[in-house]
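Student: Chain by chain, the residues run as shown.
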Amino acid sequence: MNAILKVQNLKKIYGRGCDDCLGTNPPYSKDNKCPTCGSIIACTDVNFDVYPGEILGIVGESGSGKSTVLSCLYFNQQATDGKIFYRGIEGGEKDLFNLNAQTRRQLQNIHFGIVYQNPHLGLNFNVSGEGNVAERLLVAGKRNFNTIQNSVHSLLERVALSPSRYKDFPKYYSGGMQQRVQIAKALISNPELILLDEPTGGLDVSVQAKILDLIRSISRELKVAMIMVSHDMQVIRLLCKRIIVMKHGRVVESGLTDRVIDDPKEAYTQTLVHSTIQ
Amino acid sequence: MKKHLEVRNLTKIFDMHILNNKKIIAFENINFTLNRGKFLGISGKSGYGKSSLIRCIYRNYDSTSGDILLFDNNGESVNLAKISDPEMLIIREKRMGYVSQFFTPLPRVTTMNLVIEPLIDKGWLKDDAIQRASELFKLFDIPGNLWDAYPSTFSGGEKQRINLMKTLIDCPEILLLDEPTASLDARNRGIILEIVKELKKQNITMLGIFHDQMEMETLADEILAIKRPGEYHDETHSADIEVKQEAKKEFIFQL
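Which chain is which? The protein sequence lines are A and B, in order.
Heads up: the first sequence is residues 1 to 278, going by the numbering used here.
Heads up: the second sequence is residues 279 to 533, going by the numbering used here.
The hints are simulated quantities; they were obtained by calculation from the structure and are not laboratory data.
The reader is advised that the hints may include incorrect statements.
Unchecked claim - Heads up, simulated DSBU-like pairs for lysine-lysine below, C-alpha to C-alpha not over 30 Å straight-line:
hint, chain 1, residue 1, chain 2, residue 2
1, A, Lys-6, B, Lys-360
2, B, Lys-505, A, Lys-265
3, B, Lys-316, B, Lys-475
4, B, Lys-400, A, Lys-241
Predicted model only: the values in this text are computed from it and were never measured.
With these hints in hand, go ahead and build the complete structure from the sequences.
Tutor: The structure is reproduced here in structure tokens:
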């Protein structure tokens with residue numbers, strides 16, 4: 001089975017870095033800052049593959065570098081080093097960090113979708129809900145008004161947004177509705193990969209449950225691959241068959257989700273698993 | 279006789295970093311061969327590593343050393359202790375089923391949808407999948423008014439049956455059973471035992487732990503008796519493990 005995305009040695013640091021902080025035994029333990037050179041290590045040595053149709057989970061506490069990884073994959077931040085290969089671009093032969101700006105935008109607008117925890121990052125609050133979703137089709141080159149409206153409406157119906165609210169601005173939406181519109185926006189271009197950055201963070205449990213069920217059913221129906229960042233083990237257990245565990249910007253453990261939860265090998269993972277309220 | 283599963287020198291040691299690096303041996307140097315269509319029972323006292331052995335085979339635990347070879351009909355094997363996670367997911371999906379005494383139902387998914395999920399994922403039409411599930415529900419004696427309810431509200435016996443059914447609907451070629459009748463009443467145990475007997479007739483290979491000696495004797499073709507426990511790691515010792523042929527005659531009671 002071939003991976004759709006390969007991430008190799010992804011690194012994002014603020015500062016110059018030195019042999020100490022980038023070596024195998026980094027000196028810092030309580031934060032991500034190198035005592036030798038003062039650089040902040042957001043993430044380093046991150047390697048993983050994503051397979052078609054799967055939801056890969058990334059877990060770890062705040063500051064472990066989870067969101068930085070997603071952000072680099074979507075080119076919101078420029079990675080310091082590393083390579084990404086995606087099978088939809090030049091057969092997976094070309095490193096995405098070497099793409100020209102136009103192809104990169106094509107990736108963002110068509111091949112990849114993203115859902116942020118903070119809806120302000122994912123939605124334009126001065127455009128209606130349906131306008132937000134339609135915008136992605138417009139930038140992807142679609143021009144026929146009726147075609148666009150039909151596909152936007154059928155998708156908004158799929159994510160269970162009430163039709164009477166299609167034309168409202170996102171600022172008038174509840175947190176759950178904003179996430180639904182973000183999900184619709186990510187899906188409208190039929191992407192092969194969706195990046196989910198704590199999509200249910202800050203939502204109350206009943207709304208969280210509905211969003212998680214929506215993500216799960218979309219994953220099963222459309223077979224779109226996803227990378228889901230979360231600090232909530234229960235959420236990850238529900239959705240992901242494979243996970244990677246991050247701490248201080250590094251991957252400390254990866255494996256089948258049930259294996260990592262039932263037989264955690266690394267000290268940090270054991271602490272994390274035993275911290276879950278059962 | 280075709281080999282189906284072969285376990286060689288399998289050892290599982292837990293490394294508990296959060297307990298001052300305490301090492302706990304689940305089991306050591308287990309060897310056995312299981313032929314196609316046979317039932318191997320695993321016996322041994324509580325804490326001897328029976329469940330851990332099954333979990334290692336399903337890769338719910340990672341074994342510390344040793345090999346787990348799963349053979350296909352042509353005698354080709356894959357080593358479940360070594361293959362990648364995505365490869366193991368495919369084995370779980372297509373070839374191997376695991377039923378434990380613990381059932382964690384998916385929240386907000388009805389019994390029917392839970393049970394037909396593997397079939398839908400394989401591309402079955404929903405009506406066909408429901409048809410097949412309905413037949414199984416009758417066989418498992420699950421009343422019709424529960425089909426569209428949430429299994430989290432079910433009784434222990436009903437949950438156990440749903441647990442087994444959800445694994446069996448997709449007909450795995452090898453089935454791992456970890457006390458599927460634990461804490462059930464006689465009637466519910468009876469239903470599950472009848473089903474396991476039926477699976478034997480259908481030539482499904484099984485590896486199972488049954489708490490009840492009588493149940494084990496009725497079902498098993500062979501018994502793997504784990505005699506020494508995994509003790510806290512003070513000195514090295516090798517577990518005294520052997521496969522008893524003709525279980526019914528040589529079964530060792532270890533009470």
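Student: Does B:Lys-475 lie within 30 Å of B:Lys-316 when you go C-alpha to C-alpha?
Tutor: Holds. B:Lys-316 to B:Lys-475 sits at ~11 Å (cutoff 30 Å).
Student: Quickly compare the C-alpha distance for B:Lys-400 and A:Lys-241 to 30 Å and report which way the hint goes.
Tutor: holds (17 Å)
Student: Given the hint that B:Lys-505 pairs with A:Lys-265, test it: the Cα-Cα distance must not exceed 30 Å.
Tutor: holds (27 Å)
Student: Hinted pair, alpha-carbon criterion (30 Å max): A:Lys-6, B:Lys-360. Please report holds or violated.
Tutor: holds (21 Å)
Checked against the numbered hints listed earlier, the structure breaks none of them; every hint is satisfied.
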